[in-house]
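Those sequence lines, one after another, are chains F and B.
Taking UniProt numbering, the leading residue of the first sequence gets 1, the next gets one more, and so forth.
Taking UniProt numbering, the leading residue of the second sequence gets 1, the next gets one more, and so forth.
Calculated from the structure, these hints are not laboratory results.
Just so you know, not all the hints are guaranteed correct.
All copies of an identical chain are treated as equivalent in the list; a pair is satisfied when it fits inside any one copy or across any two copies.
[To be verified] Pairs of lysine-lysine residues, derived as BS3-like cross-links and limited to a Cα-Cα distance of at most 25 Å, are as follows:
no., residue 1, residue 2
1, Lys563, Lys182
2, Lys258, Lys177
3, Lys185, Lys485
4, Lys508, Lys563
5, Lys258, Lys508
6, Lys177, Lys303
7, Lys652, Lys296
8, Lys658, Lys296
9, Lys485, Lys652
10, Lys563, Lys185
2 protein chains.
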Amino acid sequence: MSNPRGLYATNGHGGGQGNFGVDYAICYKVPPEGAFSLESQSGRSRAHRPPERAEAEAGFVQLVEALTHVGLATEVRNGQETSLLVFVRVASRDLLAQQVYRARLQDWLHGVRTSEPGADISRSLEDEPVTEAERLRLVYQMIARPENEGGAGITETGPRWKYVDGVFPVHDQAFNKAWIQKWSKKYLLDQADIDEIRNKFGENVAFYFAFLRSYFLFLVFPSVFGFVAWFLMGQFSYLYALGCGLWSVVFLEYWKQKEVDLGVRWGVRGVSSIQYPRSEFRWECETEDPVTGEPKRVYPQIKRIQTQLLQMPFAFACVVVLGGLVVICNSLEIFINEVYDGPFKQYLAFLPTVLMAVFTPTFSTVLMSAANALTERENYETMDSYHAALVQKQFVLNFMTSYMALLFTAFVYIPFGNVLVPMLDFWRTAAQTVTLSEKPLPTQIFHINPQRISSQMFYFTVTAQIVNLATEVVVPYVMHEASAKAKEFQGKGTAQSQDRAEEAEFLKRVRDECQLEVYDVTGDYREMVMQYGYLLLFSVAWPLAACCFLVNNWVELRSDALKIAISCRRPIPWRSDSIGPWLTAIGFLSWLGSITSAAIVYLCSGTRTSPLTAWGGLLGVLLAEHFYLLVQLAVRHVMSRFESPGLQQERKERYLMKRRLLQENLGQDVSGKASAPGVAATEKILRETLQEEARGASIRGQGPQEERFWQRQLGMEGTILAGRRLIEQGAAEGKKTRTGAAPGPKA
Amino acid sequence: MSNPRGLYATNGHGGGQGNFGVDYAICYKVPPEGAFSLESQSGRSRAHRPPERAEAEAGFVQLVEALTHVGLATEVRNGQETSLLVFVRVASRDLLAQQVYRARLQDWLHGVRTSEPGADISRSLEDEPVTEAERLRLVYQMIARPENEGGAGITETGPRWKYVDGVFPVHDQAFNKAWIQKWSKKYLLDQADIDEIRNKFGENVAFYFAFLRSYFLFLVFPSVFGFVAWFLMGQFSYLYALGCGLWSVVFLEYWKQKEVDLGVRWGVRGVSSIQYPRSEFRWECETEDPVTGEPKRVYPQIKRIQTQLLQMPFAFACVVVLGGLVVICNSLEIFINEVYDGPFKQYLAFLPTVLMAVFTPTFSTVLMSAANALTERENYETMDSYHAALVQKQFVLNFMTSYMALLFTAFVYIPFGNVLVPMLDFWRTAAQTVTLSEKPLPTQIFHINPQRISSQMFYFTVTAQIVNLATEVVVPYVMHEASAKAKEFQGKGTAQSQDRAEEAEFLKRVRDECQLEVYDVTGDYREMVMQYGYLLLFSVAWPLAACCFLVNNWVELRSDALKIAISCRRPIPWRSDSIGPWLTAIGFLSWLGSITSAAIVYLCSGTRTSPLTAWGGLLGVLLAEHFYLLVQLAVRHVMSRFESPGLQQERKERYLMKRRLLQENLGQDVSGKASAPGVAATEKILRETLQEEARGASIRGQGPQEERFWQRQLGMEGTILAGRRLIEQGAAEGKKTRTGAAPGPKA
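Same shape as in the complex, but just chain F:
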């Protein structure tokens, strides 16, 4: 095996220069002497070393041994405070090349790759260079894979490595700087920008950016249309609702195709079928897999389905708790703003907002932990199914917190405001009781304010998005910088003073990265999907929403990049071939949007002449929903007719593989052009067969009848002669019959 150069320097940046070729840093916490010794001073103090520290030290030795065992080189340095930093890279390029080959072969067997990787490893690596993301993924798998599967088995979770505080790739500072600079100067991102992310951070992160980019570009249509609709038709226009629904169908189908294209482009199509087992999975019994004969850990499906039924009370609890909160706060707000006219009105107006701001996160946190516990109890076998189940519950929760207030306004307050009167009376009584005043509170008469939905939409589309941006990027960055400064001030000199001059900058950077949060792409997806929901569910009430989202998403694309680059640890470059469970969520929101838009238009447009009727609303909803479903069918049908670039490329790869295999096996061309043996050869074959049959007939005991049947007209010439004779005869017979019988028309 030759030494494949360039494994570590595939695309310019190299990723090794500023980082000394380090692939991963492992942060190893050592319990501080002080904390323990203070305690142990009151208890017995054993020998020189306290047992916890000894345990940590033994663990460290095991860690280094395990890493070395699987072929990784290690270096250790001082970390923040008493922790250690273990740096890891693959011991040699050959070893890495082997890993790459093995992984690609596995991919091929799983059907992710069309063609088998060439047996000559170094050449196949030259043909298809290893990206940084691929290398880092493979190295991480060497570190994290269980020991019985050839890895070191080192993970952050679980009791085995309790002092391991983080395993993460080191940021490529040069790339990050160039990346942020480039994006901040560009108006529109192109596919190459996304490809770059894929090469650095893996397909999982790249899919998010690709989705955001497509969504951003698609938003141009509803922005323009919404802008025009706002000026020409105002709120609640049927036409806008229709346009929005159509747009959502097209976008959804486009994205599905785009996913396939990207999957092919990045060579990850079908990757989701490779499932990673969850280490937390608890099994009830071990049986032998009926197929592979391997021991298989079984958790009865029926039990899981029973646990899954608990999702219903969970969803119910979400609706009651968060819905109740929304109803209470909204009615209070309506009371204060539109009925109450007493003292402190300007201050009291903030009360509902404060209540919402305090209780929504509280309840959400409680419910979220319930969702986590429930998903844990559902006990999934694979990471993907666990993740999908969790996302599903998160979606229910977020759905409630995001849309409940608007649903309340659109479907209760505006059309049926009068049903709120008893509730408002309740608040009046409550206020009277609180203020203990005998004389009635000064109040106004309750009027429904139809602009309430627009101001709410404005809040959700503008205010909330800006607040969100701040909490997402600015706050963590400031917090981190502040705490880093504080720590630096506190622990100054202890660790850093030992650093060699050339390593100092690098080590300081890695120590900083240790303190950062792990990047979770789920949160970013959630934000975008919720935004998509606002657009489809409610933008008919405020068609300018899309314009705001367009602006927001331009910033979002860059701020998310910034977030990864400066306020998160570099993510482990996992692969994926889609945006996963979020696709279902988007589909659901699109469908629901067709219903709510129609209902909002029917219920809220105040210019109606006829009174509201139940059947009118139901008919509207029914028609809108079926229109949506029909359009979806039509768009799918039309789009399936055109071959997308990704599918075309895949077909090409398959074609080339087929041609190669067929040529190897049959020496024939691909289109199945089997060369016919030709007349002479067939004649010869036939004669031989008949002779053999004649010989074999007596042995096999098969009737000589069959043999005789096929020997009557030996060969082609015989058949042709016999046929000609029969045609002649037929003609003669025909004449005879005709002369004998009366001539008549006989077809």
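Dock chain B against chain F, hints included.
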């Protein structure tokens, strides 16, 4: 290559004994001398042979040459009247074995087979014997494939072989007899019976029988439930509608899984992705395929979609013509039966039925030919897409003819009978005009008869099915027998007298088969799908329907077998991996059933206390439809959790293939247990790498920094020692800081 025995005798019957080993018979028409000579007597008569006969004779020679060229042996005999019978088989077993190998290799490349067929042909044929259906399919492909693809290019359609009247495999009389006898004695069919059909007639036919069998077994539930519902709750029960809807969801999902299972069992899963080009396809230009570089015939998609838009006026025409007919005949019938009370009432009652019986087939034929023409104009490239498009139009047509009358009764007559009064008045006036009588016709007062729907359902489920059975099996059989007798009487002795004694019986049989119709499985599917529609759309009005269908389908299974065995040519054993477009039709009917059932229950149940309201009906429909969709989701979810036998088998095959390949490539076990290099090996590798890097550093000009970084702690021991020292230091530092600063709790 050894001579693989048993290719022609794989499963007992052998298929060759009574048939002299004949695979295919080709019926070659020769224009009768008489018919021509009568005409030519008035014209010029050229030499001895008329030109048409000469052309036929030349064609015959070409036919035999073409067959021989591709490796087929031929024999010719006299056919009915002046036609010839050309018998075909493969010239030798080796040739057939090659064809089998080639076809299986192609299957593997198309992803239909999991594993590559072994390079040792004769052994792989022993491992996986060739069924009669496979052999006949391959022989047919040798006959029919275009010449540039290595076939003889002989088809019944097209001008090239205009005298070829039929290419069909010869019935296996012994098998057919045993088959019919066996089935007529069995109460329930099992999987083995279906497998037998598959081995004889191919997967395409077998899928129909498998579907019918599953449907028959599933019908037991609605039969029992319907029977109970009929007695306990009568017509129009919500509960029955609900049960029926649930049943349809379960059946649909079960069948989808069953299709996969059968596909795997028969080794045809994914066969539908192999598309056969349509010879009638007209292209506008030839371009090069961007993928394969082969010349590609292109018909612009946009043109096809434009043509497809014509489907809308077509569907509209169906609705207007057939719907109008139904409305006219039904209102006339209502007038005669329930209003008219004059003379000849008992005779006039037949008038609407006669009108329907006369005009429905007439209009259907016209519309069907329009559908054919339209599909032809849509100009599909492949057989499957053409077939699917045709089936779709047939379905629309059949939907109208089958369900329009019931839809009229359920949604117009029973709930809103009064809207018919003007129509009845029209008939009264018309009748008055026709009879020319001055005095008013004797009439009754119009009463809505709620039992009308039951009697109609009775007609469609009992009478029509019996009539259908008769026209499908009995009539063609009698007709054929009669015409055969007539022909025998007429042409006695001309052809038969020359037959050799041992061949006489066989040749007579084949001559008979020549006269039979081609078996078309589409018609049988259509019948069953329409029946399924009656059950789901209307059986809530007459819950006994399922019982009748159960009985009918018991007979149907056997009568369809009988039809294939005695009144049709043996079908060419095509493959398929599903019931094709009918699955969509069934899904559509299930969905529609959830709507119509709810609507019928709401509209027609006479026991309601509250009056009919539009919103009640709409709400009922909305709830029923969404209940259906929700249940469908749930059932799919639950069913996807359990691995069906077919999928399990496929996984097993894939696993075995994977294991073999991995062992061949890496010598490692399947689960990806890459053997780690171990500590010693890694140390050695590392040292070598570092040495090499040290040598290479100056040449490559890469910074010595990286090299030095990794050389600080040479090997595992170095890292461990360094780490220990750092831990010690950290402890010392900790103590120092603690003694220096005020001791405080510091985690």
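Verification of the hints:
1. Taking the shortest Cα distances, Lys563 and Lys182 sit within 25 Å of each other inside one copy (15 Å), while across copies they are farther apart (74 Å).
2. Within a single copy, Lys258 and Lys177 get their C-alpha atoms no closer than 29 Å, and across copies no closer than 56 Å, so neither meets the 25 Å cut-off.
3. Proximity of Lys185 and Lys485 under a CA criterion of 25 Å is satisfied in neither setting, with 30 Å inside one chain copy and 91 Å between copies.
4. Taking the shortest Cα distances, Lys508 and Lys563 sit within 25 Å of each other inside one copy (19 Å), while across copies they are farther apart (85 Å).
5. For the homomeric pair Lys258 and Lys508, neither the shortest alpha-carbon distance inside one copy (41 Å) nor that between copies (62 Å) is at most 25 Å.
6. In this assembly of identical chains, the alpha carbons of Lys177 and Lys303 never lie at most 25 Å apart, being 51 Å within a copy and 51 Å across copies at closest.
7. Within a single copy, Lys652 and Lys296 get their C-alpha atoms only as close as 38 Å, which misses the 25 Å cut-off; across copies the closest is 14 Å, which meets it.
8. Taking the shortest Cα distances, Lys658 and Lys296 sit within 25 Å of each other only across copies (18 Å), while inside one copy they are farther apart (36 Å).
9. Taking CA atoms no more than 25 Å apart as the test, Lys485 paired with Lys652 passes in neither setting, with 56 Å inside one copy and 59 Å between copies.
10. Taking identical chains as interchangeable, the C-alpha atoms of Lys563 and Lys185 lie at most 25 Å apart only when both belong to the same chain, with a minimum of 17 Å there against 75 Å between chains.
Checked against the numbered hints given earlier, the structure breaks hints 2, 3, 5, 6 and 9 and satisfies all the rest.
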